[in-house]
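Residue 79 is where the sequence shown starts when you use our numbering, and the numbers rise one by one after that.
A portion of the hints provided could be inaccurate.
What the hints assert, rightly or not - Each computed DSS-like pair below joins lysine-lysine, with the alpha-carbon atoms no more than 25 Å apart:
1) Lys168 - Lys97
2) Lys312 - Lys168
3) Lys97 - Lys116
4) Lys305 - Lys192
5) Lys366 - Lys168
6) Lys192 - Lys312
7) Lys97 - Lys366
8) Lys366 - Lys116
Hints listed in this document are in silico derivations from the structure and should not be mistaken for laboratory results.
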Amino acid sequence: MIASSSSGSTSLLPILLLKNYLHFLSRRPISGSNLHFKAGRIASLQTLAPLLAFNPGDDLEQCVAMLRTLTTTNLARFAPQILRLLQRYKEPSLPRHIVSSMAQPPACFFAGVKRALLILGQGIGIGDEIITFPLATTLRSRMSADATLTVLSSYRDLWRDVQGVDSQGLYDGLGEVVEAVRQGGYDLVVMVDFERPGLLSTLCAEPAVTRYIELAMGLRELSVLDKPEGRVWKLEHPDPYDANFYHHMERMRLWLGDQQQPAKLFPRTFASQGAREVVVYASPFTSKEDPSQQFWLELLLSMLQKELSAGLTVSVHVDSGANYATRAFALELARSIDNSGRPGISAQAASTIGLAGSLLSLADAMQRIANADIVVTSDSFPAHAGQLYGKLTLVLARDGVENWRAPAPGNFYLRAGAPIAELVAQARVLLGDLAHLHPVEGGIADSPALSALRSSARSLHRTLHQNGAQPDDEVLRLQWTAAHQATLAVLAESATWPSGYSILLADNEYHDLLPPHPPADTASSASLLHMRCRVAEWCNSNLLKYALWPGLEGASA
Numbered sequence: 079m080i081a082s083s084s085s086g087s088t089s090l091l092p093i094l095l096l097k098n099y100l101h102f103l104s105r106r107p108i109s110g111s112n113l114h115f116k117a118g119r120i121a122s123l124q125t126l127a128p129l130l131a132f133n134p135g136d137d138l139e140q141c142v143a144m145l146r147t148l149t150t151t152n153l154a155r156f157a158p159q160i161l162r163l164l165q166r167y168k169e170p171s172l173p174r175h176i177v178s179s180m181a182q183p184p185a186c187f188f189a190g191v192k193r194a195l196l197i198l199g200q201g202i203g204i205g206d207e208i209i210t211f212p213l214a215t216t217l218r219s220r221m222s223a224d225a226t227l228t229v230l231s232s233y234r235d236l237w238r239d240v241q242g243v244d245s246q247g248l249y250d251g252l253g254e255v256v257e258a259v260r261q262g263g264y265d266l267v268v269m270v271d272f273e274r275p276g277l278l279s280t281l282c283a284e285p286a287v288t289r290y291i292e293l294a295m296g297l298r299e300l301s302v303l304d305k306p307e308g309r310v311w312k313l314e315h316p317d318p319y320d321a322n323f324y325h326h327m328e329r330m331r332l333w334l335g336d337q338q339q340p341a342k343l344f345p346r347t348f349a350s351q352g353a354r355e356v357v358v359y360a361s362p363f364t365s366k367e368d369p370s371q372q373f374w375l376e377l378l379l380s381m382l383q384k385e386l387s388a389g390l391t392v393s394v395h396v397d398s399g400a401n402y403a404t405r406a407f408a409l410e411l412a413r414s415i416d417n418s419g420r421p422g423i424s425a426q427a428a429s430t431i432g433l434a435g436s437l438l439s440l441a442d443a444m445q446r447i448a449n450a451d452i453v454v455t456s457d458s459f460p461a462h463a464g465q466l467y468g469k470l471t472l473v474l475a476r477d478g479v480e481n482w483r484a485p486a487p488g489n490f491y492l493r494a495g496a497p498i499a500e501l502v503a504q505a506r507v508l509l510g511d512l513a514h515l516h517p518v519e520g521g522i523a524d525s526p527a528l529s530a531l532r533s534s535a536r537s538l539h540r541t542l543h544q545n546g547a548q549p550d551d552e553v554l555r556l557q558w559t560a561a562h563q564a565t566l567a568v569l570a571e572s573a574t575w576p577s578g579y580s581i582l583l584a585d586n587e588y589h590d591l592l593p594p595h596p597p598a599d600t601a602s603s604a605s606l607l608h609m610r611c612r613v614a615e616w617c618n619s620n621l622l623k624y625a626l627w628p629g630l631e632g633a634s635a
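Whenever a hint applies, use it, and build me the whole structure from the sequences.
Printed below as a string of C-alpha cells:
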C-alpha cells in the first residue's frame with residue numbers, strides 16, 4: 079500500500095470506500111427510469127469528501143475538488159480521472175502476525191458479541207439484498223439471546239420485517255458508514271456487497287473494530303476476522319458447485335455454524351371454482367433497461383384468456399416505480415388495460431398504501447407483493463420478493479442471470495427475448511394449470527412421464543437429505559438412474575405437448591442437467607457435495623417446479 083504522509087492509516091478507510099464504490103458505479107449500466115439511483119449514489123460518495131485529509135497540491139486535493147462537483151452528466155468524464163489519482167491507494171496486506179485459515183470459524187468467535195452491525199454496501203441491488211436476508215437469522219442464531227443486530231441499508235425499510243433484525247436504518251452516504259464503524263461501539267461489523275468491499279486488511283488498522291465479517295456475493299467470498307485472536311477464516315468457493323446465489327447463501331449460512339433449517343414457503347393452493355378476485359402484481363421496470371408500453375399491455379391482456387373461469391375477476395396492480403417517469407408509465411399502462419373493455423379485468427397504478435396518486439415506496443411495494451396472488455415481473459427485485467411470500471411468480475429473465483434464479487417452488491423463468499406470442503402461450507399454461515384462471519386444453523399434469531418424474535424426484539431428494547445418515551449406495555444409484563430416465567422420458571413426450579408447455583423446458587438444457595450417473599464413490603464428502611448440488615440445480619428448474627406444484631397431481635383427471 080502506498081499512501082501520502084498526510085492521509086495516514088486512519089484515512090485509508092474513506093479513501094478505499096471512495097475508490098471502490100466510484101469504480102462500481104462507473105461500470106454499472108443504468109436505465110433512464112433509474113437515473114435517481116445514479117444521483118443518489120453520487121451524493122453518497124460526496125459525503126466522504128470531509129473525511130479525506132490532504133495537503134495543498136496533492137492528489138487527494140484534486141480528487142476532492144472533482145468529487146464535490148460530480149453529477150450524473152459529468153460522471154463519465156470525472157470518474158476515470160479520480161480513479162487514476164486514487165490508483166496508488168490499495169488495500170494493505172494482512173498484518174504479518176495474523177493467522178489465515180480455510181477452516182470454519184469456531185463457535186467462540188461469536189462469544190461476547192452484544193452489539194452487531196450489518197452494513198449493506200452500495201454496490202448491491204435490491205434483489206441481491208433480499209437474497210442476503212437469511213444472514214440476519216444466521217447472525218441471530220450465533221449470538222447470545224440478549225445481543226442486538228442493527229442493519230444499515232441504502233434502501234429504506236427493506237429490512238423492516240426481516241426476522242432477526244432488532245433495528246434497521248437508512249444511510250444516505252458512505253460517510254455515515256465510516257462514522258458507524260468508528261464510533262458505533264459495535265462488537266461485530268459485517269459488510270455485505272455484490273462486489274468485494276475489500277476492507278478486511280484496512281479494518282485491522284481501525285481501533286474500534288474487533289470482529290469483522292466480509293461477504294462478496296458476486297465472487298462468493300466470505301471472510302471472518304478476529305483481531306484479538308489474530309485469526310482470519312475464509313470460505314472457499316467449490317467451483318463449479320453452488321454457482322446459484324441462493325444456493326451459495328445456504329452454504330455460507332452452514333459454514334457460519336447456523337444449523338437451523340430455513341422454512342420453505344410453498345405457494346398457496348388456488349381455488350379452482352367459485353367467486354374470487356385474483357390480484358396480479360406487475361412490475362415492468364429493471365435497473366438496466368427501459369420497458370415497452372406496447373409489450374407489457376399485450377402481455378398482461380393476452381396472458382389472460384378472454385373467457386376467465388366462472389366467477390373470477392382479475393385486478394392488475396402495476397408497479398409505479400420510484401420516480402415520476404415510471405409512475406407516468408404505470409398510469410398509462412393501467413389506463414390502457416382498463417380501456418381495453420375486457421370483462422372481469424381492471425387495473426391500477428400501485429401507489430403508497432393510503433396515499434392515492436403518490437410514488438410507490440419500497441416498503442409498500444413489498445407489502446403489495448405480499449398481498450398479491452401472482453407476480454409478473456421483469457428480471458428485477460419483485461422476482462426475489464415474490465419468493466419471500468410464496469407467490470406464483472413469472473419472471474421475464476434475460477440471458478446471463480441464471481445464477482439469480484430463486485429455488486422457490488413458485489418462481490418460473492420465461493425468456494425475456496422470446497416472441498410475445500410464445501411468452502403469452504407459456505404464461506397462459508402456468509396461469510391456467512397452477513392458478514386456475516382459465517382452463518388449459520391438452521393438459522399434461524397427469525401424463526405418465528410427468529408422474530414418474532414427480533415420484534423419482536421426491537425419492538431421490540429424500541435419500542440425499544437424510545438427517546445424519548449416509549445414503550445407501552445401491553438405493554441411491556437406482557433412484558438416480560430412475561430420475562435421469564424419467565427426465566429423458568419427459569423430453570421425449572414433450573414433442574406431443576401443446577405449444578405453451580414449452581415453458582417447462584425453456585430455462586435449461588435438460589438432457590444432462592441431472593447427469594446420467596452418480597459418482598463411482600457415493601460415500602465421500604466430495605461426491606455428496608457433487609450429488610446434492612446437481613440435484614439442487616435440477617430441482618431449481620421450471621420442469622421440476624411444475625411437476626412438484628402442490629395440488630397439481632390429479633388436477634386434470
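Going down the list of hints, with the structure as the test:
For the suggested pair Lys168 and Lys97, the alpha carbons sit about 9 Å apart, so the restraint of at most 25 Å is met. Between Lys312 and Lys168 the CA atoms are separated by roughly 20 Å; this keeps the pair inside 25 Å, and the hint holds. For the given pair, Lys97 sits about 16 Å from Lys116 by alpha-carbon distance, which is consistent with the 25 Å threshold. Between Lys305 and Lys192, the direct Cα distance comes to roughly 17 Å. Compliance with the 25 Å bound is thereby established for this hinted pair.
As the CA atoms of Lys366 and Lys168 are separated by approximately 30 Å, the hinted pair breaks the 25 Å bound. Between Lys192 and Lys312 the alpha-carbon distance is near 23 Å, which keeps this suggested pair within the 25 Å criterion. For the suggested pair Lys97 and Lys366, the alpha carbons sit about 23 Å apart, so the restraint of at most 25 Å is met. A C-alpha spacing of about 12 Å is found between Lys366 and Lys116, which places the hinted pair at or below 25 Å, so the restraint holds.
Hint check: a violation occurs at hint 5 only; the rest are consistent with the structure.
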